[in-house]
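Asker: In order, the protein sequence lines correspond to chains A and B. The number in this note's numbering is simply the position in the first sequence, starting from 1, with 417 added. The number in this note's numbering is simply the position in the second sequence, starting from 1, with 417 added.
These are computed hints drawn from the structure, not numbers from a lab. In this text, all values refer to a predicted model and were calculated from it rather than measured experimentally. Any given hint might turn out to be false.
[Unchecked claim] Okay, derived cross-link-like pairs now, DSS-like style, lysine-lysine, Cα gap no bigger than 25 Å in a straight line:
{"id": "1", "chain 1": "B", "residue 1": "Lys561", "chain 2": "A", "residue 2": "Lys561"}
{"id": "2", "chain 1": "B", "residue 1": "Lys510", "chain 2": "B", "residue 2": "Lys563"}
{"id": "3", "chain 1": "A", "residue 1": "Lys561", "chain 2": "B", "residue 2": "Lys820"}
{"id": "4", "chain 1": "A", "residue 1": "Lys558", "chain 2": "B", "residue 2": "Lys820"}
{"id": "5", "chain 1": "A", "residue 1": "Lys563", "chain 2": "B", "residue 2": "Lys558"}
{"id": "6", "chain 1": "A", "residue 1": "Lys433", "chain 2": "A", "residue 2": "Lys453"}
{"id": "7", "chain 1": "A", "residue 1": "Lys433", "chain 2": "A", "residue 2": "Lys854"}
{"id": "8", "chain 1": "B", "residue 1": "Lys453", "chain 2": "B", "residue 2": "Lys709"}
{"id": "9", "chain 1": "B", "residue 1": "Lys558", "chain 2": "B", "residue 2": "Lys639"}
{"id": "10", "chain 1": "B", "residue 1": "Lys463", "chain 2": "B", "residue 2": "Lys453"}
{"id": "11", "chain 1": "A", "residue 1": "Lys439", "chain 2": "A", "residue 2": "Lys458"}
{"id": "12", "chain 1": "B", "residue 1": "Lys854", "chain 2": "B", "residue 2": "Lys563"}
{"id": "13", "chain 1": "B", "residue 1": "Lys709", "chain 2": "B", "residue 2": "Lys433"}
{"id": "14", "chain 1": "B", "residue 1": "Lys558", "chain 2": "A", "residue 2": "Lys558"}
{"id": "15", "chain 1": "B", "residue 1": "Lys526", "chain 2": "B", "residue 2": "Lys820"}
{"id": "16", "chain 1": "B", "residue 1": "Lys561", "chain 2": "A", "residue 2": "Lys558"}
{"id": "17", "chain 1": "A", "residue 1": "Lys433", "chain 2": "A", "residue 2": "Lys820"}
{"id": "18", "chain 1": "B", "residue 1": "Lys558", "chain 2": "B", "residue 2": "Lys709"}
[As the list claims (entries may be wrong)] Stretch-level coverage of chain A by chain B, calculated; a stretch enters the list once three of its residues show a Cβ under 8 Å from a Cβ in chain B:
{"id": "19", "stretch": "474-482"}
{"id": "20", "stretch": "500-510"}
{"id": "21", "stretch": "577-591"}
{"id": "22", "stretch": "626-636"}
{"id": "23", "stretch": "639-652"}
{"id": "24", "stretch": "796-809"}
[Stated by the list, open to error] Using C-beta positions, here's what the derived DEER-type ranges look like:
{"id": "25", "chain 1": "A", "residue 1": "Asp662", "chain 2": "B", "residue 2": "Ser523", "range": "31 to 39 Å"}
{"id": "26", "chain 1": "A", "residue 1": "Pro753", "chain 2": "B", "residue 2": "Ala749", "range": "52 to 60 Å"}
{"id": "27", "chain 1": "A", "residue 1": "Glu456", "chain 2": "B", "residue 2": "Gly481", "range": "53 to 61 Å"}
From the three backbone atoms N, C-alpha and C, an ideal C-beta is built for every residue, glycine too.
Here is how the chains run, residue by residue.
2 protein chains.
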Amino acid sequence: MASAWLCGAESEEIMKPYRQLKKQELEQLRGELEQKYEEAKSLGLKLDMSRGKPSADQLDLSMGMMDVLHSGVDLNDSEGIDCRNYGVLDGVKEAKQLLADMSEVSPDKMIIYGNSSLNVMYDTVSRAMTHGIMGHTPWCKLDKVKFLCPVPGYDRHFSITEYFGIEMICVPMTPEGPDMDLVEKLVSSDDSIKGIWCVPKYSNPQGITYSDETVHRFARLKPAAPDFRIFWDNAYCVHHLYDDDQDFLIEILEECEKAGNPDLVYKFCSTSKISFPGSGVACIATSPNNLKDIKLQLTIQTIGHDKVNQLRHVRFFQDIDGIHEHMRKHAAILRPKFEAVLDTLEQELGGLEIGSWIRPKGGYFISFDALEGCARRIVEKCREAGVVMTEAGATYPYHQDPKDSNIRIAPSFPTPEDLAKACGIFVLCVKLVSAEKLLEEMV
Amino acid sequence: MASAWLCGAESEEIMKPYRQLKKQELEQLRGELEQKYEEAKSLGLKLDMSRGKPSADQLDLSMGMMDVLHSGVDLNDSEGIDCRNYGVLDGVKEAKQLLADMSEVSPDKMIIYGNSSLNVMYDTVSRAMTHGIMGHTPWCKLDKVKFLCPVPGYDRHFSITEYFGIEMICVPMTPEGPDMDLVEKLVSSDDSIKGIWCVPKYSNPQGITYSDETVHRFARLKPAAPDFRIFWDNAYCVHHLYDDDQDFLIEILEECEKAGNPDLVYKFCSTSKISFPGSGVACIATSPNNLKDIKLQLTIQTIGHDKVNQLRHVRFFQDIDGIHEHMRKHAAILRPKFEAVLDTLEQELGGLEIGSWIRPKGGYFISFDALEGCARRIVEKCREAGVVMTEAGATYPYHQDPKDSNIRIAPSFPTPEDLAKACGIFVLCVKLVSAEKLLEEMV
Numbered sequence: 418m419a420s421a422w423l424c425g426a427e428s429e430e431i432m433k434p435y436r437q438l439k440k441q442e443l444e445q446l447r448g449e450l451e452q453k454y455e456e457a458k459s460l461g462l463k464l465d466m467s468r469g470k471p472s473a474d475q476l477d478l479s480m481g482m483m484d485v486l487h488s489g490v491d492l493n494d495s496e497g498i499d500c501r502n503y504g505v506l507d508g509v510k511e512a513k514q515l516l517a518d519m520s521e522v523s524p525d526k527m528i529i530y531g532n533s534s535l536n537v538m539y540d541t542v543s544r545a546m547t548h549g550i551m552g553h554t555p556w557c558k559l560d561k562v563k564f565l566c567p568v569p570g571y572d573r574h575f576s577i578t579e580y581f582g583i584e585m586i587c588v589p590m591t592p593e594g595p596d597m598d599l600v601e602k603l604v605s606s607d608d609s610i611k612g613i614w615c616v617p618k619y620s621n622p623q624g625i626t627y628s629d630e631t632v633h634r635f636a637r638l639k640p641a642a643p644d645f646r647i648f649w650d651n652a653y654c655v656h657h658l659y660d661d662d663q664d665f666l667i668e669i670l671e672e673c674e675k676a677g678n679p680d681l682v683y684k685f686c687s688t689s690k691i692s693f694p695g696s697g698v699a700c701i702a703t704s705p706n707n708l709k710d711i712k713l714q715l716t717i718q719t720i721g722h723d724k725v726n727q728l729r730h731v732r733f734f735q736d737i738d739g740i741h742e743h744m745r746k747h748a749a750i751l752r753p754k755f756e757a758v759l760d761t762l763e764q765e766l767g768g769l770e771i772g773s774w775i776r777p778k779g780g781y782f783i784s785f786d787a788l789e790g791c792a793r794r795i796v797e798k799c800r801e802a803g804v805v806m807t808e809a810g811a812t813y814p815y816h817q818d819p820k821d822s823n824i825r826i827a828p829s830f831p832t833p834e835d836l837a838k839a840c841g842i843f844v845l846c847v848k849l850v851s852a853e854k855l856l857e858e859m860v
Numbered sequence: 418m419a420s421a422w423l424c425g426a427e428s429e430e431i432m433k434p435y436r437q438l439k440k441q442e443l444e445q446l447r448g449e450l451e452q453k454y455e456e457a458k459s460l461g462l463k464l465d466m467s468r469g470k471p472s473a474d475q476l477d478l479s480m481g482m483m484d485v486l487h488s489g490v491d492l493n494d495s496e497g498i499d500c501r502n503y504g505v506l507d508g509v510k511e512a513k514q515l516l517a518d519m520s521e522v523s524p525d526k527m528i529i530y531g532n533s534s535l536n537v538m539y540d541t542v543s544r545a546m547t548h549g550i551m552g553h554t555p556w557c558k559l560d561k562v563k564f565l566c567p568v569p570g571y572d573r574h575f576s577i578t579e580y581f582g583i584e585m586i587c588v589p590m591t592p593e594g595p596d597m598d599l600v601e602k603l604v605s606s607d608d609s610i611k612g613i614w615c616v617p618k619y620s621n622p623q624g625i626t627y628s629d630e631t632v633h634r635f636a637r638l639k640p641a642a643p644d645f646r647i648f649w650d651n652a653y654c655v656h657h658l659y660d661d662d663q664d665f666l667i668e669i670l671e672e673c674e675k676a677g678n679p680d681l682v683y684k685f686c687s688t689s690k691i692s693f694p695g696s697g698v699a700c701i702a703t704s705p706n707n708l709k710d711i712k713l714q715l716t717i718q719t720i721g722h723d724k725v726n727q728l729r730h731v732r733f734f735q736d737i738d739g740i741h742e743h744m745r746k747h748a749a750i751l752r753p754k755f756e757a758v759l760d761t762l763e764q765e766l767g768g769l770e771i772g773s774w775i776r777p778k779g780g781y782f783i784s785f786d787a788l789e790g791c792a793r794r795i796v797e798k799c800r801e802a803g804v805v806m807t808e809a810g811a812t813y814p815y816h817q818d819p820k821d822s823n824i825r826i827a828p829s830f831p832t833p834e835d836l837a838k839a840c841g842i843f844v845l846c847v848k849l850v851s852a853e854k855l856l857e858e859m860v
C-alpha cells in the first residue's frame with residue numbers, strides 16, 4: 418500500500434480489538450498514534466474525499482460527446498424536428514428512448530428535463546408545496562408535512578425537505594434497504610407523511626441495493642395520505658463496479674402498477690455521472706396520471722429543456738448498450754480506487770472493532786461507521802491534517818447523526834496516489850480518536 | 418408585393434376610411450372580399466405567424482457554436498476550473514462577464530442560470546411564493562397577491578402569475594411604456610401588489626422601448642409593499658433591426674441605486690434569440706441583497722447549471738462585440754420580414770381606419786389593433802384560411818382583451834414567400850371582418 422509510510426508501525430502488536438487493551442497499552446498506543454499524526458500534519462497535505470465527483474480521467478471518457486455535433490451535421494431529431502429551435506416540451510423522441518431504457522420503463526412514462534436530477538426533485542417538492550399533487554391540497558396550506566428519510570442518506574435530499582420546512586423522520590437502513598416494518602407503520606398511520614427519499618440502488622452513502630422484498634413492500638404501501646409519493650432517486654442505476662458481480666433492483670413502476678398503486682412513485686434519473694456532471698440530461702419517470710399533473714406546470718414553467726444537449730447525448734451513446742459499454746470504462750477507473758480504500762480499511766482496521774463498513778458493488782461512496790461519538794472528531798482530525806472528508810452528520814437530516822458515528826467516504830475524485838495518502842490519514846485518525854475515546858471511557 | 422394575388426383589386430375604389438362608406442358600398446365591398454376570401458381558402462395554405470421563433474437561417478448563424486468545443490480543446494474556464502465537473506453555482510467567470518456586458522451591469526450582480534429566462538422568472542415567483550423575498554412573508558401565506566400587467570404584454574408572463582393564483586391588474590401601455598401615473602398610484606397605495614411584468618425594450622408585442630422618464634419613474638417608485646419587485650425582462654436588449662436607428666434604454670439597476678431603491682428590480686436576460694432557443698444561457702442581474710437571498714435557494718435547488726454550454730457560448734461569441742456583430746446578421750434576416758409585413762399593412766390598410774400598428778425598431782413582434790370586437794374573428798378567419806396567428810386575447814391577462822382588438826404578429830419564422838402570403842391573408846381578413854362589423858353596426 419502507498420500508505421505504508423503512515424500505517425503499520427503499531428500493527429505488529431495491536432491486531433486485536435482496542436476494547437480488549439489495558440489502559441496502559443491504550444495510552445502507549447495513543448502516544449504512538451499522536452506522534453504519527455503530528456508527522457502526517459507536518460506533510461502539509463491538501464486532499465479531498467468529500468464529494469462524489471468523477472475524476473478528470475473519467476470525464477475524459479466523454480470528450481467524444483463534444484465531437485458528435487458540429488456545423489457539418491444537422492440538428493434534427495428522428496422526427497425531423499429542428500432541435501435548435503423552441504418546442505418539444507417533454508424531450509426529443511430518441512432521448513426519451515435512451516433514458517427510458519436506462520430507467521427500465523417505456524418512453525411514454527418519461528419527461529426529459531435539464532441538467533440536474535436534483536433540480537427535478539427540488540421542483541417536484543416545490544410544485545407539491547404550491548399546487549399540491551393531482552388535485553390534493555397544496556402542501557404549503559397544510560399545518561404539517563413530513564417526509565421519511567432512510568439514514569444514513571443523501572445530504573442534498575435532506576436539504577430540500579429542510580428548505581421547505583418539511584419535518585424529517587429518520588428510518589434506519591438495513592442491508593435490505595429501509596426498515597420496511599417502520600415505513601409501513603408510519604406511512605399507513607399518519608396522513609401528514611407525504612413522501613420518502615430513496616436511493617434504491619448502490620445507495621448514497623452505503624452502497625446498499627434494496628432487496629426484492631423491500632421493493633415489493635414499497636409497491637404495496639397503503640399510505641394514509643393519497644398524495645404520498647416515493648421519491649425514487651435511481652442515481653446509480655448503471656453505475657456498477659464489477660461486470661460479473663452486480664446488484665439487481667426490481668423496477669418499481671411496474672411493481673406499483675401490479676399492486677394497484679400506479680401513481681405511488683416519482684422515479685428520477687440522470688446522466689450526471691455518466692457524461693459530464695452539470696452538463697448531463699435528467700429525467701423523471703412516472704405514471705400517466707402523474708405525468709399529466711406535472712405537465713400542467715411544465716407548460717407554464719419553461720419553453721422546453723435543452724434539446725441540443727439531448728441530441729448530443731443520443732448521438733454519442735447511441736443506445737443503452739453504448740451506455741453500459743461506457744460505464745464499464747468508468748468502472749475500470751473507479752474500481753481500483755474503491756478497492757484501495759476498502760483494502761486499507763480492511764488491513765488497517767480489520768479486527769480492531771473500532772469501525773465497520775460495507776463493501777459496495779457500485780455507486781460512488783463507502784460508508785464508514787466509527788465508534789459512537791467519534792465521527793466529528795475523526796473528520797476534524799482529518800481536516801487538520803489536510804484531508805477533507807464529508808462533514809460528519811451530513812448523512813442525517815438536520816446534520817444530526819444521533820450516534821455521531823457515520824462518515825461518508827468519496828473515493829472517486831482523488832488520483833490513486835492521493836487517495837492512498839488520504840486513506841492513510843483517515844485510518845490513522847480513526848485509530849487515534851478511537852483510542853482517545855476508549856481512554857475517556859475508562860476515566 | 419408577393420401578396421398582390423390577394424390584395425389590390427378593390428383598392429382602386431376603396432382608399433378612404435371604411436366608416437365613411439355608405440351601407441350599399443360596404444355591402445358591395447364585403448361581397449368582393451368574401452369572394453377573395455373563398456379563393457384564398459381554396460389554396461389550402463398552412464402558414465404560421467403565431468410564435469416568435471427564429472427561422473432556420475437565423476439558427477444557421479450559430480452553427481459555429483457547435484465547433485468551438487471539441488475533444489481537442491480543454492474545457493477549463495479562465496480560472497482553470499474544469500467545466501465538465503460539478504461546482505461553480507453562479508456561472509463561470511467569463512460567462513458572467515459576457516452576460517453582464519449584455520445586461521449592462523457588472524459581473525458581480527449576475528447569476529447565470531440554465532437554458533431559459535422564462536424558467537428563471539417562474540422560479541423567482543415560485544421562490545417568493547414558498548419563501549418570501551428577503552425575509553418577508555411567503556406570498557403563499559398571504560390572502561391576496563397582485564401583479565401589475567402592462568397590456569398588451571407577453572402571454573407567458575401572465576401565465577406564470579395566473580398559475581400561482583396571483584391577481585393581475587392591467588395597466589395600459591403608452592408609446593413611452595406603461596402608464597406611470599397609474600403604476601405609481603397603484604404601487605404606492607396597495608401593499609398586496611408585489612410585482613410588475615416589464616419588457617422594457619422592443620416590448621412584446623408592441624416593440625415599444627420605455628422612455629427615459631418611464632425608467633426614472635420606475636426607479637423612484639415608493640411601493641407600499643417592501644417586497645415589491647419589478648420583473649424587468651430585457652429579452653430584446655440587443656435585438657435591433659437597424660444599425661443606424663436603435664432605441665436606447667436606460668440601465669435600471671443603476672438608476673435604482675441612485676434613487677436609493679437598490680433592491681427594487683430583478684433583471685432577466687438570455688441568449689435564447691441570439692444563439693439557439695432552448696439551448697441558450699439565461700441570467701438574472703440584481704442587487705447584492707437580492708443575490709444573497711436567491712443564492713440561499715440556489716444552493717439547495719441545483720448542483721449548478723450547464724457550465725459547458727456557458728463555455729461554448731463564450732468561446733463562440735468571445736465578447737459583447739461578438740454578440741453585436743452576430744445580432745447584425747440576425748437583423749439582416751429579420752429586417753426584410755418586418756418591413757414586408759409593415760409595408761403590406763401600410764399599403765393595404767393605410768387610410769382605411771380599420772386598424773393601427775406601430776413600426777418597431779427591434780424585437781420579435783408587430784402589434785396590430787383592429788376595430789373593437791374584431792380580433793377574435795380576424796384570427797378565426799385567418800385560421801380557416803390556413804394562417805395561424807397568436808390567439809386573440811393572448812396579450813392580455815386571462816386571455817381577455819376587453820376591446821377584443823389586439824393581435825400579435827410574429828414575422829420571424831416563415832420564409833419571406835410564406836410571410837407575404839400569410840400577410841395577404843391577414844389584411845384580407847382584417848378588411849372582411851371590419852366590413853362585416855361596420856355593417857352590423859348599421860343595423
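Asker: Need the status of pair lysine 526 of chain B, lysine 820 of chain B: alpha-carbon distance at most 25 Å?
Answerer: violated (41 Å)
Asker: Counting residues of the stretch 626-636 of chain A with a beta carbon closer than 8 Å to any beta carbon of chain B, are there 3 or more?
Answerer: violated (count 0)
Asker: Would you check the hint for lysine 558 of chain A and lysine 820 of chain B, treating anything up to 25 Å between C-alpha atoms as holding?
Answerer: Distance ~37 Å between lysine 558 of chain A and lysine 820 of chain B Cα, so the pair is violated.
Asker: Count residues of the stretch 474-482 of chain A with a Cβ under 8 Å from any Cβ of chain B, then say if the count reaches three.
Answerer: holds (count 4)
Asker: Between the alpha carbons of lysine 439 of chain A and lysine 458 of chain A, is the straight-line distance 25 Å or under?
Answerer: Violated: lysine 439 of chain A and lysine 458 of chain A sit about 28 Å apart, past 25 Å.
Asker: Has the given pair, lysine 561 of chain B with lysine 558 of chain A, been kept, meaning a C-alpha gap of at most 25 Å?
Answerer: Cα-Cα ~14 Å, so holds.
Asker: Does 31 to 39 Å hold as the CB distance between aspartate 662 of chain A and serine 523 of chain B, or does it fail?
Answerer: violated (55 Å)
Asker: Going straight from one Cα to the other, do lysine 558 of chain B and lysine 639 of chain B come out at no more than 25 Å?
Answerer: holds (23 Å)
Asker: Examine the stretch 639-652 of chain A: at least three residues should have C-beta closer than 8 Å to a C-beta of chain B.
Answerer: Check failed, 0 qualifying residues.
Asker: Are three or more residues of the stretch 577-591 of chain A within 8 Å, CB to CB, of chain B?
Answerer: holds (count 3)
Asker: Is it true that the CA of lysine 433 of chain A sits at most 25 Å from the CA of lysine 820 of chain A?
Answerer: The hint holds at about 24 Å.
Asker: Can the restraint linking lysine 510 of chain B and lysine 563 of chain B be considered satisfied, given a maximum Cα separation of 25 Å?
Answerer: violated (37 Å)
Checked against the numbered hints listed earlier, the structure breaks hints 2, 3, 4, 8, 11, 12, 13, 15, 22, 23, 24 and 25; every other hint is satisfied.
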